[in-house]
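Engineer: Residue strings, one per chain:
Protein chains: 4
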Amino acid sequence: MTVDVVAYDTVHPGDTSDLETKLSRIDPAQIRRLALLVKTEGNSDLNDFSREYALQSARLALQRYGGIKLLDRSSFLFSTGCEGAMTPFGYLFVDTIEPAGTPLSPGSALAIGCATSRSLRPEEIGTRSHADLTAEAVRAAMEDARVGREDVALAIIKTPVASLMPTASRSVRNRRITSGFSKAVGALGAGIALGEVEPSRVVEDAFDSDHSLHARRAMVFSGAEIDRVEVLLLGNRPGAPGGLTIETGFLVDLLDAGGIRRTLAGAGCTLADGVVANPERVAAMLLKVGASANGAVRGNRTTIKSSHIDMDKHVRAAVSGIVGSILGTTKSFISANTVHQAPPGGGICACIVRKG
Amino acid sequence: MTVDVVAYDTVHPGDTSDLETKLSRIDPAQIRRLALLVKTEGNSDLNDFSREYALQSARLALQRYGGIKLLDRSSFLFSTGCEGAMTPFGYLFVDTIEPAGTPLSPGSALAIGCATSRSLRPEEIGTRSHADLTAEAVRAAMEDARVGREDVALAIIKTPVASLMPTASRSVRNRRITSGFSKAVGALGAGIALGEVEPSRVVEDAFDSDHSLHARRAMVFSGAEIDRVEVLLLGNRPGAPGGLTIETGFLVDLLDAGGIRRTLAGAGCTLADGVVANPERVAAMLLKVGASANGAVRGNRTTIKSSHIDMDKHVRAAVSGIVGSILGTTKSFISANTVHQAPPGGGICACIVRKG
Amino acid sequence: MTVDVVAYDTVHPGDTSDLETKLSRIDPAQIRRLALLVKTEGNSDLNDFSREYALQSARLALQRYGGIKLLDRSSFLFSTGCEGAMTPFGYLFVDTIEPAGTPLSPGSALAIGCATSRSLRPEEIGTRSHADLTAEAVRAAMEDARVGREDVALAIIKTPVASLMPTASRSVRNRRITSGFSKAVGALGAGIALGEVEPSRVVEDAFDSDHSLHARRAMVFSGAEIDRVEVLLLGNRPGAPGGLTIETGFLVDLLDAGGIRRTLAGAGCTLADGVVANPERVAAMLLKVGASANGAVRGNRTTIKSSHIDMDKHVRAAVSGIVGSILGTTKSFISANTVHQAPPGGGICACIVRKG
Amino acid sequence: MTVDVVAYDTVHPGDTSDLETKLSRIDPAQIRRLALLVKTEGNSDLNDFSREYALQSARLALQRYGGIKLLDRSSFLFSTGCEGAMTPFGYLFVDTIEPAGTPLSPGSALAIGCATSRSLRPEEIGTRSHADLTAEAVRAAMEDARVGREDVALAIIKTPVASLMPTASRSVRNRRITSGFSKAVGALGAGIALGEVEPSRVVEDAFDSDHSLHARRAMVFSGAEIDRVEVLLLGNRPGAPGGLTIETGFLVDLLDAGGIRRTLAGAGCTLADGVVANPERVAAMLLKVGASANGAVRGNRTTIKSSHIDMDKHVRAAVSGIVGSILGTTKSFISANTVHQAPPGGGICACIVRKG
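Each protein sequence line maps, in turn, to chains S, B, D and H.
Residue numbers for the first sequence, in this note's numbering: 107 to 462.
Residue numbers for the second sequence, in this note's numbering: 107 to 462.
Residue numbers for the third sequence, in this note's numbering: 107 to 462.
Residue numbers for the fourth sequence, in this note's numbering: 107 to 462.
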């Protein structure tokens, strides 16, 4: 259970050549868990299929590399939207089995765990049951990673939405189960599992409404293509082998570069004049930042919620500049919409760093 | 000739209420020059009329305030595009006449000058003559500001484009006079006047083509509504009264936060952990940043030149995050496209700071 | 009270030159009512200000032409969105006073009437009271036009929406008062006044929800800039002078060219091979067509409700092709969203024709 | 060599379920040629990958159905853009081998032929050689279909463009090889082969410039993913078995419904009041329509070339309304940009009809 993380390039969403190069160095039989955390470059709108295309292409590549059985040990989180100073790319996480008898390491190191819930019935989506199934899947992923609740750094969650396909019959009830609403439910479920949200407050009236409730170590995504909750959990496991460690931090608002810098410093990076002095130690950087209720930032109005461009694109592009100028690279995994994942307008970041 | 700069808010492009409040404190008879440098919030596309609407509204407001004669002493630079962490707002520059006999100040202070060229004939647009008329107007603006070439901090230029109106007859020749091409010509003209571009190299084949040529202290905008070149020049005049000073700096690329920080430091601001410690001293911040030839940043591909969103929007949004996180505000004047105003992919910034 | 209608061109939303030419032929003192029904060409999104710009420009032009008092006798309906085969243009309606003692005409002719409600309080918007005030204004406009309920051809209604300005405080209650919801309420109010909707069924739960309810002779628009309901009513008044007549018709769905043709034939036009043979008799053509609940047309899915382009743009562009190919012109007033103005997916059209 | 055409539905670009159902009725061993002519529903912009996704999915489906060898006998033309009243769907063309000794049919019937050129070197793209290779491929496709030049109804051509991938090194020369330019060259090549364009006039200066040159029976598409010219040719072969016939016609401009109606009538359909009375006989309808140089239609300006929406989308949406209202369906293959495929602003249509 040694986890490594490597970034791979894509020339377009269907391109898996660099992924295959990176995989070719690893014996598929040694892989306990494989996860792809990928940013694709479509328009992020209802008629964007870059994510589905990338996912189909990646599955074909993994199947060629490790056979169809490897797919069962693999987890996929593809997120669309690479605005601003952002490179479309992927992180390949590989958790390999070490030889029997390998002694425990002295400190702790990055561990990953995967789990999925059972399939949700359409009428369950958006209910408390949806939140509970998310919580259960997070707990299962903790077990898979063999990390305790206090050692979890980040639960990355994908949660189903009611289909928008014109052929689907949809009750009035389900009409409200948009992508944002599904993320809200998933985040509260994760918050229950991580001990960050009081379970009794997770009632349907609070979903996407009582924004005082939020998890602190969850990034939640939604997908119309799935009918179950999928979890990729990252933490630091005491005694784990491997040279990586993960640190989680927070942004109070869209311009909070200080929150990013403190997280990097906490993970062991050196900062000088606001910039990371040893960027080669950063193996991965993940951010998710939201917009405030009216789109204002530090009291001033913006066009984040009042333009032809979706608010998430404004946020991702602005964050890409901030984190890019700190790390000196356009390769970070940046996402938006932090409903119940941070206080309104706030954000979360996690960096994986090579130990000194 | 004391220059003051104040930011004013707009609730929408046609809103002039805060501008009128700010103006109400000044006697229009004392105004030698007035300039509005404004960011409006339209979609920046061919069917965006927010700039025209804002300009019409501002002219009506100025006329109500100071009569139609004030318009002749006024200069307008309205630029569309407020993506990311950016507030639509305006800077009001007012250059007032001090009482006769006011002694010279010991140091130097911000001075502004305005000038316009004669009208260009349609067939002149995009030619060397267009560049020469720009150079002439920059020199006239220097004279108006009473600053020498070495004391110029920034020439803000608006330059005409050939109309895209379907009713206009356009020769094949003029078809290439797009907004970007017009900016290119204007920038080279400014570079001649400022001694930054060798006049003999300003030939038509070099326009928007030989990107080794560039001015260093020019920000160039284009407008289909004008038929002449308009210049608003900013500099530090020795002996000028007033408490403001301006500093110009450069960004080597889209992520060069260091370039912004050095400019702020050069103007007298204090930086701590990459952030301005005394932001109340910053009266105005102007930036213009470009994209590299293929859109890549630090060797990695981006979607800046390969998405449904125009490249300038990607750039402005990313820069808004960087400068916003340094200054702690969304109120900066951020623009894109630095053709012949910086090396490809680079940028220019200018900050106006209250003297310590 | 002789009504004339003339189309005028615009080179851009702020252009009033052709409007002024058309007005110059009329003595402003003879004008009882003036109305502008205009399509502008912005992006129709939250950051589109072409309508506000056009309105401000038209008001300035009318003021120059007929003084500020003429504005009180004038009505403005500016609608954004000119996709497909559509020309941005305006219809100028002028209702002039005939000399005393003019005898009644033998038949009936086009008449117009204008009315506005009192200002709505923010908390009234979207309530039954909003619908009742609309009904009242429609009745007042009928009186102004001196037409009975059975002679009304079309009530064109503008209705307020709750502001989206970030600075506005908005209760959760008002958050749902979107443009579409405001149109829904206005349409039901018009339906009450026109005897097409049973008043007892106009309850808040039915708004934008019980789509079996709909007016038959209303086109409803919304505007964030107004706080009252404005009505421009068109009908045929027995005995009225003037050479124009208006006919109303219906489209069962987006492809129902037959509905348009029947309306034209009903108004006295001749059709041959599906095309109007005497298009010079058509003085004005107005259409409003909607999308079905899931966007499907005749049982087949479309991208109308599942693309990056707003559904109204898909609809307007498709309708522009249909009506344009029937009339042989791109100058028709085409609008979308028929919530409570037609059965779901259906439409309404009205043509004003010169009498034979 | 009996050709059948059937439309199949897609729930999303990757959906091949209905294609597979349709294929399941056919023995793959009997298939001489198979062609898919498909409209996909992405945003049609640089970051649209719906076409690539659909193509990958269709190839996987064909491989499952008929083995990898069937792919060699298959031809793919996927075109993005389903605006307005248009359904994303595909036409499946199957050319099956009849038993030996089948006698000739008395009349003529639909025949298809496929051919591809050799690979083009990057520097050949956009040159006269590119046009000649296209002409050669069209001739080879005629041979494959066994139709003479006079019996060709339509040459559907896919032609390569210079890659826009940021990693590609591009000479200044190739910078101009956009999608539109590539179509221009392909159309002139087709025109040479079909005897519609004088070969001596096909010089590089004329490409996308001398718009008096145009083929009459070609629809040309471009693709960044190919490096050769691909041709799918449709014609009526005397003696061919099968119950289908194809008719080609022309639109003089965007609103020319008469051109569509005449084509349908020529193919044997009955029209009443401008509408097809026997739509069940129409097996396939293909259209390609362009915009005039300044976007005006019948002398009036439109926003086709001056909005945030690409001109092709305006055109497709408007045409979808026209043809949809004639055929009573949203299932037609509608495309835009007719550079050198029709006079400027004009169009071409082809309908495949079941013989009476």
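Simulated from the structure, these hints should not be mistaken for lab results.
Possibly wrong hints are sitting among the right ones.
[As the list claims (entries may be wrong)] Here are the computed distance ranges between Cβ atoms for each label pair:
{"id": "1", "chain 1": "S", "residue 1": "Gly173", "chain 2": "H", "residue 2": "Ala383", "range": "54 to 60 Å"}
{"id": "2", "chain 1": "D", "residue 1": "Gly372", "chain 2": "S", "residue 2": "Glu230", "range": "37 to 43 Å"}
{"id": "3", "chain 1": "S", "residue 1": "Gln169", "chain 2": "H", "residue 2": "Ser318", "range": "38 to 44 Å"}
{"id": "4", "chain 1": "S", "residue 1": "Glu331", "chain 2": "D", "residue 2": "Glu230", "range": "16 to 22 Å"}
{"id": "5", "chain 1": "S", "residue 1": "Ala378", "chain 2": "B", "residue 2": "Val309", "range": "52 to 58 Å"}
{"id": "6", "chain 1": "H", "residue 1": "Ser315", "chain 2": "B", "residue 2": "Val309", "range": "23 to 29 Å"}
{"id": "7", "chain 1": "S", "residue 1": "Ala371", "chain 2": "D", "residue 2": "Arg227", "range": "25 to 31 Å"}
{"id": "8", "chain 1": "S", "residue 1": "Thr127", "chain 2": "H", "residue 2": "Ile174", "range": "47 to 53 Å"}
{"id": "9", "chain 1": "B", "residue 1": "Ser306", "chain 2": "H", "residue 2": "Gly405", "range": "57 to 63 Å"}
{"id": "10", "chain 1": "H", "residue 1": "Pro347", "chain 2": "S", "residue 2": "Thr127", "range": "39 to 45 Å"}
{"id": "11", "chain 1": "B", "residue 1": "Val117", "chain 2": "D", "residue 2": "Ser225", "range": "50 to 56 Å"}
[What the hints assert, rightly or not] Examples of chain H residues toward chain B, derived with CB under 10 Å:
{"id": "12", "residue": "Asn149"}
{"id": "13", "residue": "Leu152"}
{"id": "14", "residue": "Ser306"}
{"id": "15", "residue": "His414"}
{"id": "16", "residue": "Ile415"}
Heads up, the beta-carbon is just placed ideally off N, CA and C, and yes, glycines get one too.
Engineer: Could you tell me which of the numbered hints above are not met by this structure, giving the numbers in increasing order?
Structural biologist: 2, 3, 4, 5, 7, 8, 9, 10, 11, 14
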